[in-house]
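Chains A and B, in that order, are what the protein sequence lines are.
Mapped onto the numbering used here, the consecutive letters of the first sequence carry residue numbers 1 to 354.
Mapped onto the numbering used here, the consecutive letters of the second sequence carry residue numbers 355 to 747.
Watch out, some of these pointers could steer you wrong.
[To be verified] Distance windows between CB atoms, simulated:
1) A:Asp319 - B:Glu735: 53 to 63 angstroms
2) B:Glu691 - A:Thr325: 45 to 55 angstroms
3) B:Gly587 - A:Asp180: 18 to 28 angstroms
4) A:Gly137 - B:Pro704: 54 to 64 angstroms
5) A:Asp131 - B:Glu691: 36 to 46 angstroms
Hints were generated in silico from the structure; no laboratory data involved.
Quick reminder that beta carbons are idealized off the backbone N, C-alpha and C, glycines included.
Spelled out from the first residue to the last, the chains are:
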Amino acid sequence: MSGGVDSSVAAALLVRQGHEVIGLSMQLYDQARSGNPGDPGTRAFGTCCTIDDLHDARRVAATLGIPHYIVNFEREFNDTVISNFVSEYAAGRTPIPCVHCNGDLKFATLVSRAEGLGADFVATGHYARVDLDSDSGTYALKRGADPAKDQSYFLFTLNQLQLSHAMFPVGDLDKSTVRDYAREIGLSVAEKPDSHEICFVASGEHTAFLEEHGTPSTAGAIRDVTGKVVGRHEGVHRFTVGQRKGLGLSSPIPLYVVNIDAGQRTVTVGPRASLERIDLTASGVNWILGHAPAPGTRVTARIRHQHREASASVEPLPDERVRVTFDEPQSAVAPGQAVVMYDGERVVGGGWIE
Amino acid sequence: MGMIAVMRIYFDHNATTPVDPTVVEAIARALSGTFGNASSVHHFGQQAKAVLDDARSAVASLISAEPSEIVFTSGGTESDNFALRGVAEALEPTGRRHLIASSIEHEAVLVTLRALARRGWRTTLLSVDQSGIVKPEALAEALTDETAIVSVMHANNEIGTIQPIAELARLAHGRGALFHTDAVQSIGKIPVDVRALGLDLLSLSAHKFNGPKGVGALWIKRGARVTSVMTGGKHERNRRAGTENVPGIAGLGVAAQLAAKKLSSESVRLAALRNRLEAEILQKVPGTAVNGVREPRVPNTTNISFDAIEAESLLIALDLEGVAVSTGSACSSGTLEPSHVLRAMGLPSPRTQNSIRMSLGAGNTDAEVDFVVSKLPAIVEKLRSLTGTRVRA
């Protein structure tokens, strides 16, 4: 229970369905400590897991009449999510911490914790669905019913065992129905705005966050696609493939980051057309059914959360890798982001773009 | 394991205690019948003043003090702040700018010392060993001719150990320093006699002995130099400004009377309950150990570590079975941090995070101890079977 409307309604729906529900909120990041005015040199980042969010989660649990606990996962969050976030940026990639948080915390540490309390499932407020195919005995991960809110992209690492313990009570609803229901049952968070940013670092703050967490501001060259030096930068962690703003270059045509070479500390920029790729490879692939599909399987693939899915063919490779070949070139394929492959409503699998 | 507890067992009396029905009556009577301002000269003021006087006598009598030495406060934290900041400021002109406390004090003392340290006072924290008892030799070594005050708690809130207060106070006085004790956890559990202990200041809090929250007292030995921290009107003999919380103080007074009356019988009863609880847990749950020495200890408290367990999980699992216990100290958001007390005792880091405090009180029964002892082994076994195991294959 994050204190937001989705997980609050998820809990409410489970209570209404007659489940025995325990509310858990994860303390992931000590906002108070990081922003303590008494400790000079520290500052607060992010928007989630604040004292106010925990207050909201407690009030919802009290309204629903369920027990509520805050579990401290600061250490696990730091080890699995923050450290990966920092090292990925340092390596010139663009990480998605939410995927690690879901796969390595909520549906790993939290599931294990919940099991210790005698719970059979972990339910979250994600807009996604899990279906058991009773013939094959396998679980399918499907898109949330609300296409504008679908969060299946962030859940692609879940394996069959994790899916068997997962419930997504709002996955069948659209957001407005969720808010209507929250209003109807008088939840105090019914009008709370959606969160859009990475929970532990607010938009525009990530450079400062990374530097606070030990990323050095090592300067390097900005080159164009021919290799000519066109400018300087203050560290590769400030850039993302596809980025246009903040390059500090003057050019008659808009320039985009097309490549980041952390080893050489080089950022390469080019016109929009140079961002286009017809294929990509990804590693650390998870196939939802536990095995790779046949080579040539047709999918629609998404290369970032807000990407419009594109038709593609899949070629599974050894060592949990995959090659995805698009029918049409795709712009801004950013290493570190995930490619998630769909067959209609179902998630086929996903991996980390190389 | 059922998730909705049918019966509730409260083993967390060191956090707070239920308010005795007699105390509730006294508070209600003062709230509805004695609304006057105790500083007023007229009838209504006199009625309120009479309530304060009764309470002052009851509190004084509980600790063998004089009524005029009792200053009512908002609770233990204010009393600790008052004692340390008040003495630090009063003795500042004398050049005594050194403050000593033990490393296992409550945050009300530790954080106040830290605040004074930032403003130029020198501070020393006395370390303790795994016994959880402050060694007089450590104090003797730390004392200087600049020491203004020594503050060592009477009984520790987390492990219950009783500190050698009389001896420590004697050492402090030998170097001309004042001695304060935070007696929040000992009042109502063991006899407290300020003169026999040789103290100068003592903090107490009503809600730890079946009184209401938000009220306590600081005992200041007659003649001790303490500057007011809460400044304003001439309330409390010009020592603590602010209109007195008459209903709360009425409750404190009655709670003090009840504590004095029940002290000897309750302490024997609770010690027997606690000892059985402790012995049966140690016997039935493998990988358990008591933190701190077992004697001298307040009769109601035990602090036990469980190997390969996260205290947080054990606490939640017990609560879902209806059993309220506690661990470490809670931070602002309500999550758990490793106990600073167990850390100060030099316990290895797993033990500072796998320990549970159970603190008994009025109303706890043999049947409740039986229930907890019957539930614990299975809960611990289940949690241990999951330790370190992740669902991800």
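Here's how the hints hold up against the structure:
A hinted range of 53 to 63 angstroms is violated for the C-beta pair A:Asp319 and B:Glu735, which are about 39 angstroms apart. Checked against the given bound of 45 to 55 angstroms, the beta carbons of B:Glu691 and A:Thr325, roughly 51 angstroms apart, stay inside it. Taking 18 to 28 angstroms as the suggested C-beta distance range, the pair B:Gly587 and A:Asp180 does not conform, at roughly 54 angstroms. Taken as a hint, the range 54 to 64 angstroms is violated for the pair A:Gly137 and B:Pro704, whose Cβ atoms sit roughly 40 angstroms apart.
Evaluation of the 36 to 46 angstroms hint for A:Asp131 and B:Glu691 yields a pass: the beta carbon distance comes to about 41 angstroms.
Figure legend: structure checked against the earlier numbered hints; hints not met, in rising order: 1, 3, 4.
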